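Q: Next come the chains, spelled out residue by residue.
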Amino acid sequence: MHWAELIAELVLMPLVAFIVGLFMVLMMRKIAAKLQRRVGPPVLQPLYDIVKLFGKKTQTSHGLLHDFGIVMAVGGYVAAETLLPVPGMNGIAEKGGMITLLYLTMIPSLGLALGVGQCANPNGSIGISRALTAMLAYDIPFVIVIAGVAMHFGTTNLVDVVAQQQAGGFESWGAVQMPLLALAGLFALQGMLGKQPFEIYVAPAEIATGPMVEMGGKFLGGLFVMQCFQLYTASVLYVTLFLGGGENWITFLAKSFAVLVVPMSLAFLFPRYRTEDMLAMLWKWPVILGLIGLVFVTN
Amino acid sequence: MSDNELVNQQFPVKVEQPGGSGNIFARVFDELTAFCRSRSLFILHYCTGCGAIELPPAMTSRFDMERLGISPMVSPRQADILLITGYVSVKTLKRVILTYEQMGSPKYVIGICSCTVNGGMYWQSYATAKKLNDYMPVDLYIAGCMPRPEAVITGLRQLMENIRRGEANGWQDYYQRYDHYLGHQQRLFGETWQTPTDVIAEAKHYGLFSNETLGEHTKLLQQHQKPLEALEMRLGLDSKDKVEP
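Taken in order, these protein sequences are the chains called Z and E. In terms of the numbering used here, the first sequence opens at residue 1 and continues consecutively. In terms of the numbering used here, the second sequence opens at residue 300 and continues consecutively.
Check the hints yourself; a few may be wrong.
[Said to hold, decoys possible] Here are some, though not all, of the chain E residues that point toward chain Z, as calculated from beta-carbon distances under 7 Å:
hint: 1; residue: Thr332
hint: 2; residue: Cys335
hint: 3; residue: Glu365
hint: 4; residue: Arg366
[What the hints assert, rightly or not] Distance condition first, Cα-Cα at most 25 Å in a straight line; then the derived DSS-like pairs of lysine-lysine:
hint: 5; chain 1: E; residue 1: Lys390; chain 2: E; residue 2: Lys429
hint: 6; chain 1: E; residue 1: Lys503; chain 2: Z; residue 2: Lys218
hint: 7; chain 1: E; residue 1: Lys525; chain 2: E; residue 2: Lys390
hint: 8; chain 1: Z; residue 1: Lys255; chain 2: Z; residue 2: Lys30
hint: 9; chain 1: E; residue 1: Lys503; chain 2: Z; residue 2: Lys57
hint: 10; chain 1: E; residue 1: Lys393; chain 2: E; residue 2: Lys430
[Stated by the list, open to error] Covered by chain E, per the in silico footprint, the following chain Z stretches (three or more residues, Cβ under 8 Å):
hint: 11; segment: 32–39
hint: 12; segment: 209–221
By construction, these hints were calculated from the structure, which means they are not laboratory data. As the structure is a computational prediction, the values presented were derived from the model and not from experiment. Each residue gets a CB set at the ideal place from its N, CA and C atoms; glycine is no exception.
Extracted from the complex, chain Z is given alone in its bound form (with noise of 0.2 Å):
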């Protein structure tokens, strides 16, 4: 590949993320309007958000690694983006796979651990530790059904995954082929995404939302900003995986919306669970799933 046309693929990928990120944050407010029989906000109202923190007079820092922290967020899921083939552009995908996807989608949990650690707040110190726990009790089912599609398809590469999923058609998905899997990789990804009832670590009633109560300004701006690429990330991986990638733009973008409106809307009929009970959750019946799901893949 020409090394301008990678270039030019590494900076429009995030950017693509950041735009689809921003109607996926709306989509997710709108739905919960929706469910609550309310309106819900206007069209640009995630950027009004993102513009209006950023341009806050007062930006208190709590110091470097505070700063550090949420570079690191935002820019674990950046470089995550790059690694997630979408339709046209395949940026460092073929470089990358599944395994280092894993590991970068870590990388911002860790980032705001940093972060929210320089805080000293009691409050911001029960979020992160919570987060953390959820990472461990999300991983596990997580790494298996990682495990089980890359057997299945013989390779850790996304291209690969990809490829063989259109060349195959609808019978050779993902999700047809491994249904277990497929619903063992929902459950994780509602844990991922931190919705309801595994929203233990934003609890605003109880810990004043977990790691965001020391962040005002461009901090929380910044956060902003990780939400929208985390919602892509999530789902965009769940469409590789699983429904066949993108042929084009459109059935692309169709598929990580109907994806994401899954977890979304069985968020606002769940309260939410207690640290223990998450992991007692996921430890059991996604992990359940996905190993029974194991012994049904074929190479």
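Mind docking chain E on chain Z? Use the hints.
A: Coordinates of chain E only, in the frame set by chain Z:
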């Protein structure tokens, strides 16, 4: 030629227009920020009195505040608006001022209910602060006992309009006339009153330092002000050297 004109010729004076410099891009950016500020308001969940009960209906399905871009937040660091919903007792007012000083600028205060305007039905109470405007800059009052959710929404829309036009500048007033506000606070809380926030340093930082920032009351504050210290970290609180209550 008068002296004044002579001076003007030698030292050409550039009159700054209100609304920023002549750079058109800076102007566009300022307008955009002001518009986004007015369309995205995070309110702080710190409700002091009975008026707070009007907020749940204003937020939920019937009136739906989120249509206007107004959503609740729980931490002062994230918030733009501090809603004072009802009477503030002397004890509560201390916490309200602490909360207000921790919010990031630009920040706005809305006084809801008659009690924030003039004490309302607590006019003769020894424990209620009567005029909220004396202790912190209030951008907007929504009067009533209590105001209906329609009135709350109308008030918030008015605030949005003021922000868009750059007229909601109460927070600047707090830094510019800090001595005035501090005087009222000291009258109520005693002369040793201090908050952890260094408002004078912040006023200098924002370029809002004026003649009225310092005065007799800030002089009194500086006599006893202790800088904010980090909390002492210690393990084993039941050891011999534990802190006596």
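Q: Each hint needs a verdict: does it hold in this structure or not?
A: Here is how each hint holds up against the structure:
1. Thr332: 4 Å, holds
2. Cys335: 4 Å, holds
3. Glu365: 5 Å, holds
4. Arg366: Constraint on E:Arg366 satisfied, holds at 5 Å.
5. E:Lys390 x E:Lys429: Judged against 25 Å, a Cα distance of about 13 Å means the pair holds.
6. E:Lys503 x Z:Lys218: Distance of about 21 Å is within 25 Å: holds.
7. E:Lys525 x E:Lys390: Holds, at roughly 21 Å.
8. Z:Lys255 x Z:Lys30: Holds, at roughly 18 Å.
9. E:Lys503 x Z:Lys57: Cα-Cα ~13 Å, so holds.
10. E:Lys393 x E:Lys430: OK: E:Lys393 and E:Lys430 at ~14 Å, within 25 Å.
11. 32–39: holds (count 5)
12. 209–221: holds (count 8)
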